[in-house]
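A.B. asks: What follows is each chain in one-letter form.
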Amino acid sequence: MLQDYLNDYWPIAILLLLTTLLGIVAIGLGYLFGPRRSNKRKNAPYESGMSPIGPGTRQLPVKFYIVAVLFILFDIEVVFLLPWAVIFKKFVDEGLGNFVLIEMIIFLGILLVGYVYAWKKGAFEWD
Amino acid sequence: MLYSMDDMFNILPTVIVVAWATALILVEAFLPKKYKFITIWLTVLGLVVALVAAINQHGIEAEAFNGMLVVDGFSSFLNILILGSGILAVALAVGYNKRFGFDRGEYYIMMMFSIAGTMLMSSAADLIVIFLALELMSIPLYIMAAFYRGNVNSEEAGMKYFLLGAFAGGFILYGIGFVYGATGATGLSQVVTAINGGVDSPTFLLVGAALILIGLGFKVAAVPFHMWTPDVYEGSPTPATAYMAVGAKVGGFAALIRIFVVAFPTLSTDLVPILWGLVALTLVVGNLVAIAQKNIKRMLAYSSISHAGFILMAFLPYGDAAVFKSSVAAALFYLLAFAITSFGSWGVVIALEKSEGKGLLLEDYAGLGRKYPALGVAMLIFMLSFTGIPPTIGFAGKFLLFKAVMEGGYYGLAILGVLTSLFSAYYYLRLVIIMFMKSGEPNIVSDRWVTLVTASSAVATVVLFMVSTPLFAWAEQAVLKLF
Amino acid sequence: MVPLSYYVALSAILFALGALGVLTRRNTIIIFMSIELMLNSANLLFVAFARSFGDVSGQIFVFFVMAVAAAEVAVGLALIVAVFRNKHTINIDEVSGLKG
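As given, the protein sequences belong to chains S, V and F, one line each in that order. Per this note's numbering, the first sequence runs over residues 1 to 127. Per this note's numbering, the second sequence runs over residues 1 to 483. Per this note's numbering, the third sequence runs over residues 1 to 100.
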């Protein structure tokens, strides 16, 4: 039974193998036959791009962090909105539409309170 | 599958606390700085209103939200206990937070959310709700522990509490997963039905129950899951410590009792030896390590660990339904006794605490009894109550608990309990001796609300001892519907 | 179909890895990630059981766990950042000032 199930994955395995091989061949050929003339400009992280400022591990301002956390908090609530939206029609058919609507309004109202608080406390101000 | 407004009315106290706290967030956001004290008064008002609703609700037996929540004597007992504790905790915090420069209204809002979580835990009858309530109770506590911004110890305490609390949450969640896997249900009553019908994989069930026990053991600070307790209690702002000592214990034991009494009575033969070891370890380690402490906050932390051990004792007469009823009632009574005594003693600690952690060593209490006799006597009463010496409510709590455990036939454990109580007398009464016999010049910070809490706790510790019979009858009434 | 026991075994391995990570690593961020791994291993367990029972309550639980985990992330990272500002380290051993 498991065997049948795994058989479905053969195409993916072949694809993986082929793409890996292709990568190795392409890089290997370049390594073998390609000319190597390195200079300062070529060794820069972004060739013909903007030159990097400072080391790569520098600290970021904490305001990025606040935005990120707010994003996580409000973003995850969609997880509840989506199933609600999917089954909403069934509830309407059963005559429970108002109830489910009010329930979601309460939920969003609580979220809104958090949003207003974050706003008033200046979490969205960039400077 | 239909909901109605009755559901909302059945859990009215919890609804009041949640709605009030949510509204207070807006109040806090829009109030100008000058009027911040209004938040405190509104918090107290909200808690009082909820308390009135909870008392008013006493005696109602109902299910709400398709059996997700249960309203019974047990939940209303704990609701009244935690709401009362919340009011005391606000009174302890007002002056302290101002003194140390972090008097922000969010502290009280966080406490309200934590209280709501504890209340939900006491009436949750579904493993999903229990997990959510646990997190609602715990997450605000992490914030409260770290509320003293800029203070290294407070922030460290908050971080440690958070890391270990989340770790424990992971255990509980995984345990719930296994219980769900064994029974195919998350509602406690469906879990019982499934277990009685015979489960396919008893191992899953046992592993799940053990993981839940470990996780809740963390929350109530039972040895060997207690490592965080002394550090967190020491580092947190003292009013936050006072609240979490009681709040986390009430919530943790509420869930433990509800889950293990309602859902897992059949696992008693497997669980009793584990519980026995847990209790014995908690009693011995809590009481012995407390002797070595020089800082009063750490001493009280170990003392609270040992009290968790005493309350856990109530779980041992598991298989014996008749005895178990009175032992769970004794556990509820003990929680009440612990809450009152604990708030009083933390009140005394707050009165003596100075900035930068000064005034927290045991020798700082030298001469307290002579200079401030009233405060000294209050502390004496609390220490007697912690030890379990009459005429205090702590004595009644220990007496009832030991009696129930003996009736269950666990003589060894009862003897261990009495012995460790004797050990505990050493460090509790040592503090009394330092207060009354040694000379010193302690200065207390006058704070009328703290004084009020300390005085009323001291009075309650003695007076409630006088009326312990009807109180215990109330506790017995409360657990009646549980079985 | 992959048998249920495979999922249970995988989630047990993930849970054990997470628990080991919490106990052995010293970097608070990594400890925190290990805790998240524990929560997600439980999620896997719920989804696997729910699927095998044909019962949705386990899957709904996963939504709640995700929301709770997000709240924990917010609070936990805030605490770690606060400690970092004060101590300039996130090594749990170097943070330990409370002992006795």
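Calculated from the structure, these hints are not laboratory results. For every residue, glycine included, the Cβ atom is placed at its ideal position computed from N, Cα and C. Treat each hint with caution, since some may be false.
To be verified - List time: in silico BS3-like cross-link candidates among lysine-lysine, alpha-carbon distance up to 27 Å:
id, chain 1, residue 1, chain 2, residue 2
1, S, Lys-121, V, Lys-36
2, S, Lys-121, V, Lys-358
3, F, Lys-87, S, Lys-121
4, F, Lys-87, V, Lys-358
5, S, Lys-120, V, Lys-34
Unchecked claim - Part of the chain S face toward chain F, derived, beta carbon under 10 Å:
id, residue
6, Tyr-5
7, Leu-6
8, Leu-101
Said to hold, decoys possible - Far from chain S by the CB rule (all over 12 Å, computed), these chain V residues:
id, residue
9, Val-18
10, Thr-22
11, Leu-24
12, Asp-72
A.B. asks: Each hint needs a verdict: does it hold in this structure or not?
C.D. replies: Hints versus structure:
| no. | hint | result |
| --- | --- | --- |
| 1 | Lys-121(S) - Lys-36(V) | holds, 14 Å |
| 2 | Lys-121(S) - Lys-358(V) | violated, 33 Å |
| 3 | Lys-87(F) - Lys-121(S) | holds, 26 Å |
| 4 | Lys-87(F) - Lys-358(V) | holds, 21 Å |
| 5 | Lys-120(S) - Lys-34(V) | holds, 16 Å |
| 6 | Tyr-5 | holds, 6 Å |
| 7 | Leu-6 | holds, 9 Å |
| 8 | Leu-101 | violated, 19 Å |
| 9 | Val-18 | violated, 9 Å |
| 10 | Thr-22 | violated, 5 Å |
| 11 | Leu-24 | violated, 10 Å |
| 12 | Asp-72 | holds, 25 Å |
In summary, the numbered hints that this structure violates are 2, 8, 9, 10, 11.
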